[in-house]
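*Asks:* Below are the chains, spelled out letter by letter.
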Amino acid sequence: MIIRQETCVGCGRCHPYCPTQAIHFQDLKSVVDQEVCYECGCCLRAEICPVKAIEDSPHVYDYPRALRKYFSDPNATHALTGIQGRGTEESKTNDVTLRVGPGEVGIAIEVGRPNIGMDLTNIQKITRALARAGIHEIEPNNPFQDLIQDHSTGDLKPELMGERVLSAIIEIQVKRDRLRHILRTIKEVAREVDSVFCLDVYTLLEPGLTVPPEVLEIIESEGLSWRPNAKINLGLGRAWERKNS
Amino acid sequence: MTHSLHREGTISSLERDYALFIYPARGFNYNGSGPKVRRIMELLYLEAPSNMIVSTLRRNLYSGVRPEEVLESIKDGARIYSAFNNREKLKEILVGIKKLDEGISVVVSGLIDRVREMAAEINLNPHTINLSLGIHGRTDRLPPPDIRQFTTMCGHGMIAPALVRDVIRRIKKGRLALWEGSIILAAPCTCGIYNPHRSQEMLNDLIPLYTVNRW
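From first to last, the protein sequence lines stand for chains A and B.
Counting with the numbering used here, you get residues 1 to 245 for the letters of the first sequence.
Counting with the numbering used here, you get residues 1001 to 1215 for the letters of the second sequence.
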């Protein structure tokens, strides 16, 4: 995002809207620190500027800066998935897609959330740790997949280093017996990451909204716990098309 | 991925906070989903959720958008994101959606025990659960929990901690009412699941206690 200096009146109303505090005063005008800005568009959508000085940067869709937009602005549709946001439909449509089936689990590592964001070197620390641990089952339909240069090492494309995004999600789908190994690997790499990440596990339910005890036992045995709130697919969906991709 | 499972706050506050998603699946029930989603949306309007957005318009319930505009925008693949502050109201909606039987995925994000009760009461068989195992890494860099209970109500992190502090400051100065402050906080959330009713209660609790610096 940019603020046109010839128009800005320096009122500062836009400052609190920036999730990453990239807007500051300089010579009595508001300016956007281009290094810090995630291109999420919050300041523009807020329509708070009395003189309409905020606009998209002319370079917002230039590669690799465009990744900031795709991974930070929920209204931006990613070219790879064709959906808005940073992830996939994951558990939300699992009753129809059965993406995660019986005896399997999905794991999501949402790097940068909540509130902190990250530069992509941090997510590379996690992908490298996963690769070293022999974990290669990364969801192919997640836009994050596009950033990986070498799946065997977990290296991201070198030109992306230094780019900053609000968050990106590593999604993994495995058999349940791999869950313990993956959680352990994630716990170890957490010490190296200079940002935060949220960790999710999704699985099919047993009757009566019962989480499979085997899954809970693995989570607990790794010293982790689950929050009392969760996202629950109620099982009302059904397919009527043949999946064509 | 909406971040709704990572909403933070006290149990008593989360008791009055549910997100509801209507979600066609690309390649499975996407084509032809428009009229079905529209019928569900009509039902949702009748139950007056706390907030709501359709992915084809992305204007929340407080933006001044008219229901006709929202309904007309719905096409195949449109998704609905909504928030409820009342368990009974949500239950009514789920009964209606079940009766419509449109075959579109329905997801509720909320306290597991409460969703289990609701599902049992209306004879639903939940299919998949997405559990939050919490926040890891440099948690020392996070804003405090009383700010995060606001910011985590937006799935995509669009509510800036500085905006929460700014709204608190303006309410304390008497420049904003609690509800006005809540609506300001709900606006950046383009996924439409920021719950302004819950936010109003949280602001009411915080205002007497909170002191904030300039930013």
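Calculated directly from the structure, the hints in this document are not laboratory data.
Careful: at least some of the hints might be erroneous.
[Stated by the list, open to error] Computed beta-carbon distance windows for the label pairs:
hint	chain 1	residue 1	chain 2	residue 2	range
1	A	E47	B	A1177	33 to 39 Å
2	A	H59	B	G1034	32 to 38 Å
3	B	L1209	A	N75	32 to 38 Å
Treat the numbers as computed from the prediction; the structure is a model and nothing was measured.
In this text, a Cβ means the ideal position worked out from N, Cα and C, and glycines have one as well.
*Asks:* Would you mind marking each hint as holding or not holding in the structure?
*Replies:* Hints, verified against the model:
Taken as a hint, the range 33 to 39 Å is violated for the pair E47/A and A1177/B, whose Cβ atoms sit roughly 20 Å apart. Checked against the hint of 32 to 38 Å, the C-beta distance between H59/A and G1034/B comes to roughly 36 Å, which is consistent with it. The supplied range of 32 to 38 Å is met by L1209/B and N75/A, whose beta-carbon atoms lie about 35 Å from each other.
Checked against the numbered hints above, the structure breaks only hint 1 and satisfies the rest.
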